[in-house]
Amino acid sequence: MEHDPIKSTMERKVHQSLTILNNIQTPEIEGTDSHGRFIYGPDWTLESLQTWVGSHQELLDPYLPIEDGKGNIQWINDEGNPIERSVASERRWIDYYFATVALKRPEYVAYIQELTNSDHMGAMHADCRACVAIPSWLEGKNIYNLLCTYTQQKDATGRSIDPNLYEIAIIINRKKGTEPDETDGEIQRFMKDTNYQYNIKYIDVELPSPFNNVGTARKILTDVLLYRSSHRSSQPSPLYILSEDADLTGVDPSTISKTIEVFDARPEVCALVGIQDRTPEILQQNDLLFLYARFKDFRQIVLRHSTHLFSGFEEMQFRFGSPVTGGWNSSFRAEELAHIGGYDPVRIREDLVIGERIRMIHGNSKNENPHVVARIPIRSDSSPRRFILALFEDMHAYNDSFSDEVYNKDLKTQPVEKLLELIQPFVRIEDNPGKFEEMFTVQYLSLLDLHCPSDIAIDIFHKIMWGLGFHRSDYDIEDDHIILRNTSRIQCLLDRYRRRHQCYSTEDLFTRNSE
Numbered sequence: 001m002e003h004d005p006i007k008s009t010m011e012r013k014v015h016q017s018l019t020i021l022n023n024i025q026t027p028e029i030e031g032t033d034s035h036g037r038f039i040y041g042p043d044w045t046l047e048s049l050q051t052w053v054g055s056h057q058e059l060l061d062p063y064l065p066i067e068d069g070k071g072n073i074q075w076i077n078d079e080g081n082p083i084e085r086s087v088a089s090e091r092r093w094i095d096y097y098f099a100t101v102a103l104k105r106p107e108y109v110a111y112i113q114e115l116t117n118s119d120h121m122g123a124m125h126a127d128c129r130a131c132v133a134i135p136s137w138l139e140g141k142n143i144y145n146l147l148c149t150y151t152q153q154k155d156a157t158g159r160s161i162d163p164n165l166y167e168i169a170i171i172i173n174r175k176k177g178t179e180p181d182e183t184d185g186e187i188q189r190f191m192k193d194t195n196y197q198y199n200i201k202y203i204d205v206e207l208p209s210p211f212n213n214v215g216t217a218r219k220i221l222t223d224v225l226l227y228r229s230s231h232r233s234s235q236p237s238p239l240y241i242l243s244e245d246a247d248l249t250g251v252d253p254s255t256i257s258k259t260i261e262v263f264d265a266r267p268e269v270c271a272l273v274g275i276q277d278r279t280p281e282i283l284q285q286n287d288l289l290f291l292y293a294r295f296k297d298f299r300q301i302v303l304r305h306s307t308h309l310f311s312g313f314e315e316m317q318f319r320f321g322s323p324v325t326g327g328w329n330s331s332f333r334a335e336e337l338a339h340i341g342g343y344d345p346v347r348i349r350e351d352l353v354i355g356e357r358i359r360m361i362h363g364n365s366k367n368e369n370p371h372v373v374a375r376i377p378i379r380s381d382s383s384p385r386r387f388i389l390a391l392f393e394d395m396h397a398y399n400d401s402f403s404d405e406v407y408n409k410d411l412k413t414q415p416v417e418k419l420l421e422l423i424q425p426f427v428r429i430e431d432n433p434g435k436f437e438e439m440f441t442v443q444y445l446s447l448l449d450l451h452c453p454s455d456i457a458i459d460i461f462h463k464i465m466w467g468l469g470f471h472r473s474d475y476d477i478e479d480d481h482i483i484l485r486n487t488s489r490i491q492c493l494l495d496r497y498r499r500r501h502q503c504y505s506t507e508d509l510f511t512r513n514s515e
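Residue numbers (my numbering): 1 to 515.
To be clear, the hints were calculated from the coordinates, so they are not data collected in a lab.
Just so it is clear, the structure is predicted and the values come from calculations on it, not from any experiment.
Among the clues, some could well be false.
[Unchecked claim] Here are the computed lysine-lysine pairs in the DSBU-like style, where the Cα-Cα straight-line distance is at most 30 Å: (1) K435 with K463; (2) K141 with K70; (3) K141 with K258; (4) K70 with K104; (5) K104 with K141; (6) K296 with K141.
Just need the whole structure built from these sequences, with the hints factored in.
Right, here's the structure in full:
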């Protein structure tokens, strides 16, 4: 039988303001960029990660590959022993993490204990192998659909997996003094509609400025999960934590089973990154939106395979030489999250930093180990709402409005069909090629911001455009501006794509996901 977690020594209600966050320090890495330029900030560099490792030498745990003479690779630690995973090791790192935090911020640990023991959280099941961690800010209209989608988990044979094998944990995070939306009620409705057969856990917190952000929400929720797991009276196997967002429109039904399978089979892997998309059924309704999203997808692919083109550019190898962890469809060993000290309470980029730190502590004080973050063939679709507004407003999708209450309330409560009307003039490339030229120009300039030689940036741009379906004769680069010479070829390709993949309405999409 599961025992109750340690009782809280604090008397405040769990939904009250987390004023103790005022004592939490901002990230220890210098040179962060709050405006989200490039990949959430060009000043977050390999050098700054090396500085962080230098001040956390006690965390270094290099993983080294050796061959067995038959072409097989085995990973060992710096003592020459094979990498092994166990509940005992996981709990040692979790205990170390909370003990370290308690020395400086005992009130924070007490708060985590309180949330752990709250009415809608409580003890973790002994058989739980995977926790799906979801921050939910103003997502009351989406959370029911997400729960419907995520609870359709299957094993390799297509059978429903044991509900006790995983839980879905949600943090309803909102700014101090704001009223809650319908998220709590929607979670309760789902649980009642499904006869409480799934392990759905949630907490409701108010966060004071400047900590009313997704980084703080992920930190609190993940710490609660770590604490609850380490205080189980029985835990046969290690725990894995899946980071997700509340606006997902589609989730691979094998997400849980494959995550457990890969982590169990590959002890050297500390984090997994799945396939992320922005709901093609929505993207394909607007050519500008489709090409904008796909340009970003192909940019990561090309950059990842362009790192060999020239030497002396360690930043490109560091940023793209390994899968990039994100806020959704990324998963981590609970042991590793404790190992690096959990999430940073920052407005943006908390998701990428997790993977970067893991790669650094399993490398050495100077170089990363890109092999500890691996890919996994599971797919999730997220809402393209933020991309739509970025195109409409000619702004970066993750600009300063990312944490703005009014902006996000309008963004998250508007039906996607309504948002698509904002970019209706650009629904087809042949009707407004000038706007497409502007979009491609901005993307081209972002490649120049990589600080690589201009001929390399141009070559990368050509490769991305080829991936999208453009021929070199279809466009020119003149004075750092993209000029479209021919759009008929891409028009045909886009029309062919829409015919091949039936264009559902978003209402149909949500209905299908809920069935």
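Checked hints:
1. Between K435 and K463 the CA atoms are separated by roughly 21 Å; this keeps the pair inside 30 Å, and the hint holds.
2. Between the alpha carbons of K141 and K70 the distance comes to roughly 55 Å, so the proposed pair goes past 30 Å and is violated.
3. Among the hinted pairs, K141 with K258 is consistent with the structure: their alpha-carbon atoms are about 29 Å apart, no more than 30 Å.
4. Restraint check for K70 and K104: the C-alpha separation of about 50 Å exceeds 30 Å, so the hint is violated.
5. Taking the CA atoms of K104 and K141, the gap is about 39 Å. The hint is violated against a cut of 30 Å.
6. A hinted pair counts as satisfied when its Cα atoms are at most 30 Å apart, and K296 with K141 qualifies at roughly 27 Å.
The structure fails hints 2, 4 and 5 (numbered hints given earlier, in ascending order).
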